[in-house]
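Going down the list, the protein sequences come from chains A and B. Mapping to the numbering used here: the first sequence position 87 is 87, numbers consecutive. Quick note: to get the numbering used here, add 95 to the position in the second sequence (first position is 1).
Careful, some of the hints might be misleading.
Simulated crosslink set (DSS-like; lysine-lysine; CA at most 25 Å straight-line) [stated by the list, open to error]:
no., chain 1, residue 1, chain 2, residue 2
1, A, Lys40, B, Lys504
2, B, Lys351, B, Lys336
3, B, Lys336, A, Lys40
4, B, Lys577, B, Lys504
5, B, Lys508, A, Lys40
6, B, Lys450, A, Lys13
7, B, Lys450, A, Lys2
8, B, Lys158, A, Lys2
9, B, Lys577, A, Lys40
10, B, Lys480, B, Lys336
11, A, Lys2, B, Lys508
12, A, Lys13, B, Lys480
Hints are computed from structural coordinates only; laboratory data are not their basis. Just so we're clear, the structure is a prediction, and the values are computed from it rather than from any experiment.
Residue strings, one per chain:
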Amino acid sequence: MKITREEVQHVAKLARLDLTAAEVDRMTGQLDAILSYVAKLDELDVTGVAVTTHTQQVVNAFREDEARPSLPRELALANGPEQNGESFVVPRVIG
Amino acid sequence: MELYALTLHEAASLLEQGEVSSVALTESVLGRIEAVEPKVQAYLALDQEGALRQAEQADLNRKNGQVGPLCGIPLAIKDVLCTTSMPTTCGSRILEHFIAPYNATVVTKLADAGSVLLGKLAMDEFAMGSTSENCAFQTPHNPWKLGYVAGGSSGGSAAAVAADQCFASLGSDTGGSIRQPASLCGTVGMKPTYGRVSRYGLVAFASSLDQVGPLTKDVRDCALMMNAVSGYDPHDSTSIKLEVPDFTAALQDGLKGVRIGIPKEYFGEGLDSEVDRTVRDGIAMLQEAGAEMVEVTLPHTEYCVAVYYLIAPAEASSNLARFDGVRYGYRDRSADTLIEMYNRSRSQGFGDEVKRRILIGTYALSSGYYDAFYKKASQARTLIKEDFAKAFASCDLMVSPVTPTPAWKIGDKADDPLALYLSDILTLSANLAGIPGMSVPCGFNNQGLPIGMQLQAAHFNEEILLRAAYNLEQRAGVAGKKPVIA
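Given the sequences, and given the hints that come with them, work out the whole structure.
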């Protein structure tokens, strides 16, 4: 086994996902198959090979430091599931 | 011929000659949508009134001499591109009622070119999938054979073009999501070089791989759409400051002096025999057009699925962290604490495939696994990129199949994610390397299902793709063939 039920539950917690017991079972099987497949990379020697995180070499795409209009507040808030005209409202964070 | 069946450039010529109005074109397409949409199910949102209003405006603008290159042409876009006039759902429950506060740059560019926006097209949830069956709302059908997949993730974008429900569309391609549905639905599809087209307002799946591009009825239409959407955008710091050529200038007869590479790894095990034969026939046509064929090798091809299905989910798990029920999208209202609210909103809002990829990505990035998975995949990505650089030293472009098989029945592979991932093997590398790729109709199998040819070239060399595609189109005799939707 490449991944256990417990590891799936741990990763789900990190990813802020609640999985039902049935989902954990199904995901464990599917993730195990996928991770067993990607273990193919073990065959490959990458010692000394640089990483590629982007295919175009763009460095520091700066713009002039000038004030510009930004998204108006009401527009920024418009899709908020709960908002009070000034900010987004969420359940109490600190008791 | 009905107006809706015209190509984009034919419609543009008639508009220019004053033979038709944009209103007439738009009404014709809307009529076509009404007739076939119950079967094809390509549209998630249709804006009939808005489209007719834009068409009237286009006709007026034309009368006043304000004629953009796509003036009056009705188009549609994948529902992953932000629009202020219609919802942007990404095929997900979590964004079901989301109205973007701004338009994607490509949406603005199409509007500035004078086109008419018909609606938003179905897709796999957050562009994750190869069949569009992961769409939370509906599954588009292949117009060539109802009940068969249109491909994915831009399945609606390909189906709508193939079924004459728009003159052209935009899709997005992270691992083949334009080229694969284009191939399965018999349309032209182009994934431009990474950085050629702005990603501003494209809802992010995997930011180092995503690219917007057109799906069209023929190669000339593809060049026209590329003219409209390409170019540097200050809102996307990964778009490249490079002059955009007139892509239609690349559509020249003949391929004398052009060296075409045949990557032997792309004709390997698992390739359907009819796909193999059809693509090889296509290669012979390119040879007749004057091209010289050379065998090339991409030795790390066998690792591309493993590399891609670590890197793309890793980037996705990070990008999709923003869907937390706070600023937009679905929120579970029963939660008492913030963490519960995050967990429940995400768990109820995302579908299975999205959860699966978030889990893989989170795992690959998590403490203790990062080096073994994400870092190693990013190193292997370098080897894949170098394979292409070496191959393009001896050829100007490469041709191959797009997909190992033609379209299959809806539901057939829905329960086996790994089998679906493996079917992406021929398209993933272009995204990993950032190079442009294209799918061009090449023929049909004995069931009448379309088969495409993939063309790939070095960075920012879309013109050679268009030129070769144009020559294939002239000889393959499949352009203009239409599905009977029944």
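A quick look at each hint next to the structure:
no.: 1; hint: A:Lys40 with B:Lys504; in the structure: violated, 30 Å
no.: 2; hint: B:Lys351 with B:Lys336; in the structure: violated, 31 Å
no.: 3; hint: B:Lys336 with A:Lys40; in the structure: violated, 38 Å
no.: 4; hint: B:Lys577 with B:Lys504; in the structure: holds, 20 Å
no.: 5; hint: B:Lys508 with A:Lys40; in the structure: holds, 23 Å
no.: 6; hint: B:Lys450 with A:Lys13; in the structure: holds, 12 Å
no.: 7; hint: B:Lys450 with A:Lys2; in the structure: holds, 18 Å
no.: 8; hint: B:Lys158 with A:Lys2; in the structure: violated, 67 Å
no.: 9; hint: B:Lys577 with A:Lys40; in the structure: violated, 42 Å
no.: 10; hint: B:Lys480 with B:Lys336; in the structure: holds, 22 Å
no.: 11; hint: A:Lys2 with B:Lys508; in the structure: holds, 23 Å
no.: 12; hint: A:Lys13 with B:Lys480; in the structure: violated, 35 Å
Violated hints, in rising order: 1, 2, 3, 8, 9 and 12; the structure is consistent with all others.
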